[in-house]
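These protein sequences, in sequence, are chains A and B. Sequential numbering of the first sequence, starting at 11, is according to the working numbering. Sequential numbering of the second sequence, starting at 11, is according to the working numbering.
To be clear, the hints were calculated from the coordinates, so they are not data collected in a lab. Just so you know, even glycine gets a beta-carbon here, dropped at the ideal spot from N, CA and C. Please note: incorrect hints may appear among the correct ones.
Reference excerpt, derived from the structure (chain A facing chain B, CB under 7 Å, subset only) [what the hints assert, rightly or not]:
1) Thr-40
2) His-86
3) Gly-99
4) Ala-200
5) Lys-261
Below, each chain spelled out in residue letters.
2 protein chains.
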Amino acid sequence: MPNPIACLLIIGNEVLSGRTRDANLQFLATRLGELGIPLREVRVIPDVPETIIATVNEVRAKHDHVFTTGGIGPTHDDITSECIAAAFGVPWAVHEETRAIMAADYARRDPPVEMNAARLRMATLPLGAVPIRCAMTSAPGFSMGNVHVMAGVPRIMQSMFDALAPSLTGGVPVVSRAVHAIGVFEGNIAEPLEAIQKRYPDLDVGSYPFYRPGPAGSTGFPGGGVALVSKGVSLADVEAATAAITEMLVKMGATPIQGEPG
Amino acid sequence: MPNPIACLLIIGNEVLSGRTRDANLQFLATRLGELGIPLREVRVIPDVPETIIATVNEVRAKHDHVFTTGGIGPTHDDITSECIAAAFGVPWAVHEETRAIMAADYARRDPPVEMNAARLRMATLPLGAVPIRCAMTSAPGFSMGNVHVMAGVPRIMQSMFDALAPSLTGGVPVVSRAVHAIGVFEGNIAEPLEAIQKRYPDLDVGSYPFYRPGPAGSTGFPGGGVALVSKGVSLADVEAATAAITEMLVKMGATPIQGEPG
Numbered sequence: 011m012p013n014p015i016a017c018l019l020i021i022g023n024e025v026l027s028g029r030t031r032d033a034n035l036q037f038l039a040t041r042l043g044e045l046g047i048p049l050r051e052v053r054v055i056p057d058v059p060e061t062i063i064a065t066v067n068e069v070r071a072k073h074d075h076v077f078t079t080g081g082i083g084p085t086h087d088d089i090t091s092e093c094i095a096a097a098f099g100v101p102w103a104v105h106e107e108t109r110a111i112m113a114a115d116y117a118r119r120d121p122p123v124e125m126n127a128a129r130l131r132m133a134t135l136p137l138g139a140v141p142i143r144c145a146m147t148s149a150p151g152f153s154m155g156n157v158h159v160m161a162g163v164p165r166i167m168q169s170m171f172d173a174l175a176p177s178l179t180g181g182v183p184v185v186s187r188a189v190h191a192i193g194v195f196e197g198n199i200a201e202p203l204e205a206i207q208k209r210y211p212d213l214d215v216g217s218y219p220f221y222r223p224g225p226a227g228s229t230g231f232p233g234g235g236v237a238l239v240s241k242g243v244s245l246a247d248v249e250a251a252t253a254a255i256t257e258m259l260v261k262m263g264a265t266p267i268q269g270e271p272g
Numbered sequence: 011m012p013n014p015i016a017c018l019l020i021i022g023n024e025v026l027s028g029r030t031r032d033a034n035l036q037f038l039a040t041r042l043g044e045l046g047i048p049l050r051e052v053r054v055i056p057d058v059p060e061t062i063i064a065t066v067n068e069v070r071a072k073h074d075h076v077f078t079t080g081g082i083g084p085t086h087d088d089i090t091s092e093c094i095a096a097a098f099g100v101p102w103a104v105h106e107e108t109r110a111i112m113a114a115d116y117a118r119r120d121p122p123v124e125m126n127a128a129r130l131r132m133a134t135l136p137l138g139a140v141p142i143r144c145a146m147t148s149a150p151g152f153s154m155g156n157v158h159v160m161a162g163v164p165r166i167m168q169s170m171f172d173a174l175a176p177s178l179t180g181g182v183p184v185v186s187r188a189v190h191a192i193g194v195f196e197g198n199i200a201e202p203l204e205a206i207q208k209r210y211p212d213l214d215v216g217s218y219p220f221y222r223p224g225p226a227g228s229t230g231f232p233g234g235g236v237a238l239v240s241k242g243v244s245l246a247d248v249e250a251a252t253a254a255i256t257e258m259l260v261k262m263g264a265t266p267i268q269g270e271p272g
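This is chain A alone, in the form it adopts within the complex:
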């Protein structure tokens, strides 16, 4: 059975304007790979209801899981939750258990926090949603069908994902091995590398150049090289491809470095 696949929707004008640098994609990509739910697509979309609703409905039909980040706070630009309700065609209604949990949390604070209309929005969920409760905040994320809605603030998102992960049905974990070689140009290895990719069609064999700054005034890429990465669900194939890449580099007179370079 093939692995389930996932899409991430990053919702927020602040990412599209460049004000905020997204810090959630890499975390989720890595964690989902480990769970055997590889990320196949990411979209960053603005705080526009029609766009959110249409995008959610498009991607939830195409992927086994959809994860969203952003837009579930108390302010007017936090519209993800009501848009998910609209996408599923269900009412957006106060979730009584959540309201009670949040009210108790707010009452315990010193000074106590008021459960006002803005905060009540965070206890309002699409009908049928299952809250994702985490240690960082009493305002929950939630799962609605295959759509998992989380906060945009990285440490809250991570806490919500930790709470959600055990309930996700994963697949075979994706494993990868990297070989680095300093002073090797991609243009010199393209042909033998492609032959290795063809020998292991179920793997992703990728080539990623890297550069380290050289002394001032130098030209070219004095500390440049390539990272050659084999990735897939078969550890045996990944290790065999890594051995073939290592052999290819040795034949060229390069010095392969297994794993990430120091």
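Please build the complex by placing chain B on the supplied structure of chain A, with the hints as guidance.
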């Protein structure tokens, strides 16, 4: 006339797997905002021909400009250029001027670099494409219609964008002003902030909580606060909204900090 809008396609398995953290989105979002070509959508997609072709054709019809990063190197996983040709239904053919420029560059190197089949791929462009030449490399990006194809390596992408930018027809620059307030919770300002947003419907008024780590063992958000950002093409409106936000914070007894906090 409304501003032209843009979409960014980040092409590459390495971003979707979490191996590489994208560093191009924020640069392009900021620079495009300054040019009055706001980014409306970003997609991260894998190195899969059908996906690249279908996505390019979908987004180039919906946006004034499409920018792509990644997949224009010499290795087998660099398939962006041939996919753009397929998307436009034109041949993918050696661009003679580019081949000559690259060959001359390679011949000048010490030791000389061979113009092999893999490197010739980087001189192969969709028929009708206009090369984007930059100072970092003789292998170009290119513009094909409203699709601007750039490298994934950030410093090369930035050099290509610098070369491309003067030829882009921009709009009115997007300006923004931020007010920060320590110790203010979003839940306490949601209502008056929404009123300010409604008074300036052409602006984006956004609220972004931030947290600074507190002493070990502390609870809550000891250094927490909110950034309140007004953004739009009318500087007068942005300044008026910023003044209204400042007044709102003073009324609550908070201390507004203009601009980014130190």
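Numbers of the earlier hints that this structure fails to satisfy, in rising order: Violated hints: 3 and 5; rest satisfied.
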